[in-house]
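J.: Protein chains in written order, with this note's numbering: chain L, 1 to 181; chain P, 1001 to 1494.
Just so you know, the hints here were simulated from the structure itself, not pulled from any lab data.
Watch out, some of these pointers could steer you wrong.
Straight-line Cα separation of at most 20 angstroms, SDA-like style, residue types lysine to any residue; simulated pairs [said to hold, decoys possible]:
no. : chain 1 : residue 1 : chain 2 : residue 2
1   : P       : K1137     : L       : W123
2   : P       : K1381     : P       : G1391
3   : P       : K1137     : L       : G125
4   : L       : K152      : P       : F1213
If we take Cβ atoms under 7 angstroms as the criterion, some of the chain P residues that face chain L in the derived model are [as the list claims (entries may be wrong)]:
no. : residue
5   : P1104
6   : E1105
7   : R1216
8   : F1408
Every residue gets a Cβ at the ideal spot worked out from N, C-alpha and C, and that includes glycine.
The residues making up each chain are set out below.
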Amino acid sequence: MSADMTPQTPQTETATEAAIETPAPRLLTRTVLKTSQKMSWVTRIYLPMLLKGLMISLREFFRKPVTFNYPEQRPKVSERFRGEHRLTKDDEGKMKCVACYMCATACPAHCITIEAEAAPPEWDGRDKIPRVFEIDMLKCIYCGYCVEACPKEAIEMTNKVPQVYQTRQEFIYDREKLLAN
Amino acid sequence: MSEIKQVNLKIDGRDVTVPADWTVIRAAHANDIDIPHYCYHKDLSIAGNCRICMVNVKGAPRPVVGCATPVAEGMEVSTMAPDAVEARKGVMEFLLINHPLDCPECDQAGECKLQDYSVDHGRDHGRFTEEKVRKSKATLGPHVKYWGSRCILCTRCVRFTDEVSGTGELGVIYRGDRSEIATFPGRALDNPLSMNTVDICPVGALVSSDFLFQSRVWHLHSNPSVCADCSVGCNTRVDLDAKDQIKRIVPRRNDAVNKEWMCDSGRLSFGYAYSDRLQKPKVHGKDATWREARRAALELLSGTNGSSVVVLVSAWNTNEAMATVKDFVSAEVAGARIVGYGNPTQQDQTFPGFTIRGDKNPNRDGLKSVLGIADADASLKALAAETAPIGTLLVVHNVPGFAMTAEFKAVLDRSENVVLLDFADGELLRYGNVAVALPTLTSFEKAGTFVNHDGLAQEFAPVMEPVTHGVPESDLFASLKQDARAATVSGVKA
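Model the full assembly from the supplied sequences, consistent with the hints where possible.
T.: Pasting the structure below:
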């Protein structure tokens, strides 16, 4: 290290070593922007730029808007959009869900509440169905892990864009609503 | 045991020394070497029918079953030899041929040996394309249901009813791939130990009716505890759900107490922790604050002359509670008489492999060792026989499902005021002259020690948060003592 980078005379040897290891702080100089010299007077009065900006606003004023009035107007989504859930039914119209809790286990948002009960005795080959199956759509992050986890293909995602309601209670979809979704 | 010779053998390259009458699987398990098993159970006879415990023994022409092969001097066992691994893989495939693979609907999923060993030893996919045999579903008894298709016919349950409960209700009916477990005609699996068959069933064939579809086992968390249902003091594991609600109680192995068994009554005795609880302190039937209630209790206890106070301590209290009662009485109501009581003793229920004690109190021995009450029933009887009125009766109760005896009522009737410490809002509280009721906790919510019929002191910790405003007796008496001292200092002691 050269002496000009450590201007102060070291008092002891250890102080010198410390100074060598950590370089001396750079002098803080006030940066003065000298752009005014480069700008022409046209630029300096700002008026052309102002007008240019206003022209953009004026042009957009007559274009078709990109926004829409959600939720009264619904966005167009693709067929594969992960929207609201649906509980599926088999050929006989019985719900496929066996209340295995795999979706609730996989759910990172903990939005699925299941309570199981025994299936009606006349449902051949089925032991368990959900007595309660609720999804809290406010908690749901629409990741689709529940669909992936389901061993019975009993839950799937529709491309229905999440609905908007007035109360929190309405966002909790129960079994019947999910079956009809 | 000393006359049984020890033999030296090698399992997976490790030298082990075990008694000569052991089998390979027991020697391996005792040395923390895992050999998979379904039909083998340490406390049951050896059946050797599941064939999953295949191991390679040096010199043997083919893999042998570890559960039925006795150890021998110089034997060399390999659990991971290629032929043993291949044999286990084959056994797993055969066991799964007729298995319905209904894990989503099965309560055993998550603690199922078929799942575990399928991952560890099985194939990653099935090759069976033919139609599976479907077997019956049945309700075997009041607490046990049977799913035939899931059964692997290990016969652990059959051996349990033969050897441990000695009731022999179960047998195997039909032959070949149609074999099923069933009760004998006209009989039901209704012995007091029936739910142990659910525990020892390695698959989901026998399931508990009481836990059926209640929860998936991976959503439960477990805490160790000690059963308070009788004086055996079975070591238990209490399984609770995410809301801290007890879902089931299962035995925890302790060869000195209960091996791996437990009675049905003990398993199902957790309802009292949730129903009819005394939520808040009460003074003359009205809800009060702890401060008011403690003051009222102190007035009744120390206001009268110590000789007119009688303290009734039940055999359901922990050693710690009894010790604090004793401490409090000697400090604040010197001269008060301490009397013990408990649930009336019934007949012991003895089975070939287990005894359910008739003494339905977890800590009768504690009364003896802590409070010096040799015979609790006799002490209550003696008190009931007297006629002198009792000023204040302090009852440290905590007995769930207590049936009040005539003697107990006689003592209550003779008491002017009763200070009750109990977790329940029950018959005793409503009986009449209870002036102050202070809520305590059940053994699920507090720590303590019970001394079982054998004189074995077993400590337990709380398994869940208190569901009421109750406090443990030790805290309660400490606060009472503090209040009494504060009252003495400020000079308002009556």
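J.: Which hints from the list above does the structure break, by number from lowest to highest?
T.: 8
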